[in-house]
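Those protein sequences? They're chains A and B, same order as listed. Be aware that the first sequence starts at 0, since it is given in numbering that gives the first Met the number 0, and climbs by one per residue. Be aware that the second sequence starts at 0, since it is given in numbering that gives the first Met the number 0, and climbs by one per residue.
Warning: the hint list may mix true and false statements.
What the hints assert, rightly or not - Below are the DSSO-like pairs computed for lysine-lysine, each with C-alpha atoms no more than 30 Å apart in a straight line:
#, chain 1, residue 1, chain 2, residue 2
1, B, 105, B, 154
2, B, 31, B, 154
3, A, 377, B, 154
4, A, 377, B, 105
5, B, 105, B, 31
In short, the hints are calculated from the structure, not lab data. Predicted model, so just to flag it, every value in this text is computed and none were measured.
Residues per chain are reported as follows:
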Amino acid sequence: MEDWVGGWWDRLIRRAAYRGHPQAAVALADIERQAPVFFRAMGGDPALTVRSTVGAAHGARRRLLERVAGIGERVELGWRDAQSLYLPERIDLYPDAALNRELYFWLMALAARDDAHHGGDWFARNRAATAACLRQMPGLAAVYARLAAALLPLRDLPRRADERAQELAIRAALQQPHQAIALPPCAQPPQPVPLWLHPSPPGGGQAHCARRDGDAAAEDEASQRRDSKARRRYRARDGETDERKNGMLMVFRAESLFTWDEYVRVNRHTDEDDDSDDGAAAEDMQTLTVQRDTRRRASRLKFDLDLPAAAYDDTPLGPGILLPEWDYKRQRLVADHARIQPMLPRDAAPAALPERLLPMARRLRRQFQALAPERTRKQGEASGPDIDLDRLVRFLAERASGAAVAEPPLYQAWPPGGRSLACLLLADISLSTESWLGDAGQVIQVIRDSLLLFAEALTACGDAFGLYGFSSIRREEVRYLLLKDFAERYDDACRGRILALRPGYYTRLGAAIRHSSRILLEQAAQRRVLLILSDGKPNDLDHYEGRYGVEDTRQAVLEARRAGLIPFCVTIDRQAGDYLPHLFGRHGYTVAHDARRLPQVLTRLYAGLTG
Amino acid sequence: MAATDIPFYQPAGDECEVFAHAWRQQLPVLIKGPTGCGKTRFVAHMAAQLGLPLFTVSCHDDLSAADLVGRHLIAGGDTRWCDGPLTQAVRAGGLCYLDEVVEARKDTTVVLHPLTDDRRMLPIERTGEVLQAPPGFMLVVSYNPGYQHVLKTLKPSTRQRFVALSFDFPRPEVECEVVRHEGGVDAELAWRLVRLGGQLRQLGGHDLDEGASTRLLVYAARLMASGMPARRACEVALAEPLSDEPDTLAALRAVIDTQFGS
Ligand SMILES: Nc1ncnc2c1ncn2[C@@H]1O[C@H](COP(=O)(O)OP(=O)(O)OP(=O)(O)O)[C@@H](O)[C@H]1O
Ligand SMILES: [Mg+2]
């Protein structure tokens, strides 16, 4: 009974003390589809993704009621690091939902403008970024004026002189960001300013990221919880390591992605009671303890290397095909250097198109069907169901003028396969595709969906196409997965193979491109497109990494182009941008920044490329 | 020619000088650049500046050599040869402008070859005539080298016959002048539009196929100049033409609000 009363009292006082306005709350989820576009338009780095933040302790004085209720010490603020833009998961600061929504947009504009190289402190930096935004965006200035005016009455004016001076300076800066004011010193941290970026973003420095190597406790892989909060995912960053120089790139990346509920120890605040609610405790987490379990990494690596491929997984077809590889140091092709092993995905049972893709597939089929007939019509045929009137008139006029002209072909026809186009889609399914893309799911999942939808679209317009996946384990085994051969009809067997794709191994991109080129060259079509779906980072366990892999891939692309194929790369990797132009040429690739839209990007690209 | 007859063109660099030199040296010119960045206007301006008649052809994939060179027509039971725009330009010693030349079929562009090397001649197969281009004649072609066009490029043997100029959206100061002059709005409004254009161009290539063109900024300015509320003008001139995706459109409206919201 006492317990029950206690709980009731607790809830009551929490509600009374809570400063937010839950009835006017706006969630990040409500605007998350517009957020990346808006952020980029504001000049934000296109490589960043938008994520929700974890509340951080602000350390400022709380109201008495808040202290009694044990709330109000965490605040969710926006910030940015090298990977992501972090925004509060919910904003309910204002009693008016429109204002809460505007606050999201304001934070994005501010974060895009914020300059990490600005010498000043948190106060000066936010003031400068605010001033810059207001100068350049009169519309946004009006929004800001509303937000700032509504914020002031929500802030407390402390009684102690130094705290009071500090608060007054903040208010002045909020109202007149153009004026250079300094923040007076004060023992107490200032009250959080929700209109500004985070003063000391979590995870930004090593201080927040204590690393514990070799802790066996992280072995437990099974504890995956996929609620909305699990989407707050962080990528462990290694300050000094350049990923491109790292030979263990794929392993490193896959292993360094973690969800906090899997790997992170919650470091609870001391004045909190030992609340048994895990969720609440996790909410309060501010210090990340990254556990890099060396043993697990090693065992994964061993698994990659030691298992005889043929024995346990995908079904190999035939003994393999030897291909050359480019050695940039010697500037020549080394013959028979890589072995392509064609295979079928293991455990692939015929399957229908997944329910969730049906609406999109229907739309794509309609669009692509509409493209097909117009394109197949051909003028100036030697025979056909219709007369080519233009040519006939021209011919008659010329003959009547006395010029001696032979009779040209004068008919219109719709010959089968009139578009004369063949497309091979090659998908990278190496271990890096295991990584997560926020709420878009895993990369591999996006790739599977894209392949499925792409196939629906191409089936509708009747172009010849083939679908293949690849990964590699050194040069002896470049695994080339047959999903839909050119000669094959696209059916449930193919869909099943696509659905059975699993991430694994490395990326010997050059060999996969060379083999694809060979297949494509066998197709009798006028235009042959080689679409490559990859992060564009060649790497394998041996010397195939860094410069060597890049140059071999580039060479394979050049060979394809010389043979008259049209190679084109589509990538969803945010960091790949820098050497894609080197590999594929300036107009030979595109980056799909929003992975969820990869299927649309692919199909639209195809229509655009070939239309 | 009076200066007022020359179409307005705000130079971004030395393109006018390069063009004039090329014309004097009888060299053909290739202009690359995104849609609506002023290529057509530039050519019109230069033609007027140099006092040359302008013959423009918009190329498409059905364009045949006969469409450029000319053909016999039937008129009143009789047939009559009719010059195509290319032939007309050669005869008149004028400027022939082939817009979006990559759209034309490769066998069509081959008729340009003898005209664009030092022979400067145009053989007309159907009549047996061979025209020698007079000194005034100049061939100008343009295209938009976005990734949408990787399948359509010029053959190297065609490309390498041209002096090439790369166009891009003009610098803010230059573009502001353009928007002010062409759109009939004041400098303050023009600046806001140009800044909005810059914001929208950040999205070209990923969220949008191509960023907002100068042409669209001019459209928005003209709608405002004719009394339309600014936000609505931007919506119809700068958001809707760029995307069909509802989410992207919503984001574009939020971007518009950063300049024209209240
Ligand atoms: N430098 C400039 N000076 C004057 N007007 C310009 C300039 N740049 C752009 N414009 C304006 O933009 C409009 C579009 O330009 P224009 O038609 O020349 O584009 P374009 O490059 O030929 O595009 P497209 O490739 O789509 O044909 C012009 O009508 C003009 O109003
Ligand atoms: Mg034009």
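Next on the checklist: If you test the structure against every hint from before, which numbers come out violated?
Outcome noted: Going through the list in order, the structure violates no hint and respects every one.
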